[in-house]
Amino acid sequence: MNGAQATQTTGGGDVLLRVRGLKRYFDVSRPLLNRLLEGKPRQILRAVSGIDFDIQRGHTFALVGESGCGKSTVANLVVGLYRPTAGTIEFDGQDLAGLQRRSELAAIRRKMAMIFQDPYASLNPRWRVFNIISEPIRAFGLLKDKQAIIDRTAQLLTQVGLSPEDGQKYPHEFSGGQRQRISIARALASDPRFIVCDEPTSALDVSVQAQILNLMSELQRRLGLSYLFISHDLAVVRHMADRIGVMYLGRLCESAPADTLFENPRHPYTRLLLDTIPDIEMTGRKRVPVAGEIPNPIDPPAGCAFHPRCPRVMDVCRRERPHLRPVADGVMVSCHAVDAPDHSPGTQAAG
Amino acid sequence: MSEPLLHVEHLRIEFNTRRGTLVAVDDVSFDVMPGEVFGVVGESGAGKSLTGQAIIGLLEPPGRIAAGEIRLDGRRIDNLPYGQMRRLRGRQIGMIFQDPLTSLNPLYTVGRQLVETIQTHTSLNHEEARRRAVKLLQDVGIPAADKRIDHYPHQFSGGMRQRVVIALALCANPRLVIADEPTTALDVSIQAQIIILLKQLCEQYDTAVILITHDMGVIAEISDRVAVMYAGRIVEIGGVREVVKKARHPYARGLMGAIPSLHRRVEKLNQIDGSMPRLTEIPSGCAFHPRCPQAFERCRRERPDLVNVGQSQVACWLYGGSS
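Line by line, the protein sequences are chains A and B. For the first sequence, our numbering puts the final residue at 351, and the numbers step up evenly by one. For the second sequence, our numbering puts the final residue at 323, and the numbers step up evenly by one.
Honestly, the hints are just simulated from the structure, not real lab data. Note that CB positions come from ideal geometry on N, CA and C, so glycine has one too. Keep in mind that a hint or two might mislead.
[What the hints assert, rightly or not] Lysine to aspartate or glutamate pairs mimicking EDC-like chemistry, simulated, CA-CA at most 20 Å apart: (1) B:K268 to A:E218; (2) B:K268 to A:D242; (3) B:K199 to A:D275; (4) B:K268 to A:D259; (5) B:K268 to A:D233.
[Stated by the list, open to error] Derived coverage of chain A by chain B (criterion: at least 3 residues anywhere in the stretch with Cβ under 8 Å from a Cβ of chain B; other residues may be distant): (6) 104-114; (7) 201-211; (8) 235-241.
[Stated by the list, open to error] Far from chain A, by Cβ distances over 10 Å, these chain B residues were calculated: (9) D27; (10) E43; (11) I65; (12) T109; (13) D146; (14) I282.
Pulled out of the complex, with its shape left as it was, chain B reads as follows (with noise of 0.2 Å):
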């Protein structure tokens, strides 16, 4: 098996505020291999967009990586001075965020935010540059691209305005790009175009995605595999059929059976009770437990860890925890 491209072990993030110390990610760990798309699936308050912000360093303050470190291609990250950070963040990682309209200034064409981006990045003088935009904005699909680069960002629709954003993200060539909900600000049309070329592009540049997103169906169409997080750690992790098709832990499973199917008309849908809980009262052991159809005295106590279940890993003592 080949070396994973982002290594990331027993990452913790806290925030600290005036009542005390909340954790936001508690020991998750996962790899990431070449060219892979990964996926990273929860609900809100899941800490999947933090865990994504983390790898890239741009955690907000008061939030900060109390434990754990991160790896890209073996060199750790996760401790970077400022300016070195900068130089990778772009050049070795990219990253699309939801709204494509905050990504992008209002203020200079996206001509120019390409080019200013591919020339902090690489040695290209402004001609070069200027013509490995066009390239990239062809390659992502936005029609008379040697036209559109001199437009502002509001002259472009959503879906065109995001196609935008993943040219900038694909500027220098990265070998990993942070996708964190890519397609949620989109209609249902344009979301699978988008997805499509994401999933094409990354094969075309050789790059791995991580793909952070609460929308099953997303995930199902491109990643290879996923981990889903609950109330800040992994529950379940595998590859993307196991998972969705043969949901082990019971979060996961609720979570698969929540979902409204396009293909068969159930009398019920499958509901979890209850919500999230919240960081300042994430329950003992299990953090599932107190919504969990088959909790038993063990989850109330003591916290499990991944184990291997078949192909894919689980936490959760229905599986053994012998440990």
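Pulled out of the complex, with its shape left as it was, chain A reads as follows (with noise of 0.2 Å):
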């Protein structure tokens, strides 16, 4: 393991996931025969339409924004689950799309795990907790010898917090806090560089929310491992991320160091979110909700899609969709008013 000192890099040397103009559309057309006799067209769901990001070597890379904003999308498009429609994703420097046979595919495929939301729909309930967290030492190949791959999972076991005698359980008997530490050890069974966790805590209750976040972040430092973590909330988000990229309808409105979102959002949307988290340190303050709701994606907003409920927004909005640039150091953001003239002197200098 000599992850600690890959985390020491910065600066854009030692990126481990690189991922350049990615898309995914899905067809939501209704059948051929009912478009032909309605005259309906065809409709595409435009899930991602073109995101870039990196990941640092032993970093955790937070993707937030609230349910249809694509970012589950995005972590299933990472881990292979689907094929993207149009972009690359590159893995420790390989194109994984450039990736044809299968052995060169499982190589990857190895480095790279999942955890996902609901640790009741992920486990199956019909095997024994050693077969699930054994399951990728065995697809692998990784080890051969049957005592080899028992004391393995005993020590995955071990590693998040549960003994090795719960191997012999089903996942029924085991709370939803417990069903994610099995859920953990699955994914580093097969020693792993990069999880990508989707919503991994959404399910738990709070107490044991901060157990899970607080396994993830341990096992992060001592394995160095990288994370993508996909959450609806930001609170999680800031406690876990090094950097964080809000998407909004397929597409990042803006992407910075997680301090630095947090003390000076930039992009509207990130402050709308900011500014309507219950929080529990605002009591009894008074606050004005943000109208409006997130538009349908199959049938985006022209220009900026955040105009209809942007504060800020200008014509220019309604006419021409803003791109992703620096704005500060490390700051990206997608937005026409955030360089406006009247605008950006007091930010910078404030900055």
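Using the hints, build the complex out of the two chains.
Here it is in structure tokens:
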């Protein structure tokens, strides 16, 4: 395990995962006959329509956004559960789409793992925990010897705070938090470098959530793991992430180091999200709720997708879609208003 | 001090199962004042939803109220016959459930559901009831209410549907609304809209609210007082500021510390080891003692009752219990 030294590197040098122009469209048209009879066009749902990000080795990159913004689709694209419509995903310098041979793919696959949201649905109820956790070891042929597999599984169970004897039980004998520990042990079984976590704690109670988040941070430090962390909970994301991307309707609207994003949110949507979260430190505050809801991704608004809800909307927002571009050190924003002349000098000076 | 609107005393809810009697809610007492927002917070299995269901008379068998009493305006309501309870429900106590889609009938327009509810509880004729329905939809912030009233639930988004459900709960201008996880199924930016709406409407209609949720943020934002439940009992009850900022019970304190903060980043979240006990194996003494970092001998043997500590009441042997 030499992950610790890798985390020291900063800048563009040590990128584990590089995503460029990633798109995924889903065809949600009615059947052909209906379309012909009713004169309806094809309908394409643009779940992810062109996003770029990098994940540094040993770091956590988080994607936040509300339901339907495409964050889980990105997670599934990165681990290869969906094929991209366009764009590239490079892992450790290798383009995933370029890998044709099964053996090459398997070598990459074992370096990635995924933790799912629902610990009740993601563990096979008919398998003993031992078999669930050792499946990746057997599937990738990492260990042949039976005793070695037993020892490794026991080590994995201990690592996530369960006991080796728990391997003989079935998933239903565990609580939600313990099941999520089993999911983590399974994810670690193939000794991966990178774990995609899709809302790993949103099905859990807060006291259990804290246990799981602490466990994940500890494993990251010890094993030098990199995480892609998907969540709708900004407080959880703040706690876990080094860098955060905020998604809205299939695009990134802001991407920044975690502390910068919370101290100085620049995109109006990021501000809206930060302003609206009910927070225990905000007892009795007065505030103005932001009107409007997320538009339908099948028929997104023209120009900037956020313009119908945006408090700083201008004419240009209705016509032209803004592009993600750097506005400060490490901060990327896609908004026409952010670098409008009357605004930027103030924030630059303050920053 | 004025009379409480709702008075719950020594409420005990049991489930008779083949393996014996399970006690899901045990010795829960609290008052709700007219017009106040009373929060009930706890993790899954704490018994908070059952408490709400017991008040409105919707406990699902085999659950039953085994002891205690519930009074609304001084009148006992926990032992009312079915017909009387039905008239009271909706008229005096409204209910908002977590999932707005399951609390609306998909086959009827929202207008028909509203008008039917209004006519059940008031003597308004159809025209008047419809006018009141439009007014209610406007009050809950549905744009073009006079047109939207003829739409079906599936034509509304999640946030809009929850607004319709709130309108339904307020139809007969009840004295008390029980909101069980009203924002849990909604997106964060919509949650805020709904919370603020609920608070505004309750002030406008002078309705008290029992807000049941696992989300401390929601409680902190709109509650006046809050009760923290653990394994079927109230462990701490007090003013919301008092409980959020100065939680005294080790469980309540642990719960507050376990919530990641938006304002500070900490190295390690405060964690409570273990998990909520199952109903079949609630520990002796204080139910929290196996997870409590400060537990001592007495906690394992004797069950603490609520005692006054500052402005709050706490059930913990750390705070006296001289009895």
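Status of each hint after checking the structure:
no.: 1; hint: B:K268 to A:E218; result: 9 Å, holds
no.: 2; hint: B:K268 to A:D242; result: 15 Å, holds
no.: 3; hint: B:K199 to A:D275; result: 18 Å, holds
no.: 4; hint: B:K268 to A:D259; result: 16 Å, holds
no.: 5; hint: B:K268 to A:D233; result: 17 Å, holds
no.: 6; hint: 104-114; result: violated (count 0)
no.: 7; hint: 201-211; result: holds (count 7)
no.: 8; hint: 235-241; result: holds (count 4)
no.: 9; hint: D27; result: 23 Å, holds
no.: 10; hint: E43; result: 4 Å, violated
no.: 11; hint: I65; result: 26 Å, holds
no.: 12; hint: T109; result: 21 Å, holds
no.: 13; hint: D146; result: 19 Å, holds
no.: 14; hint: I282; result: 15 Å, holds
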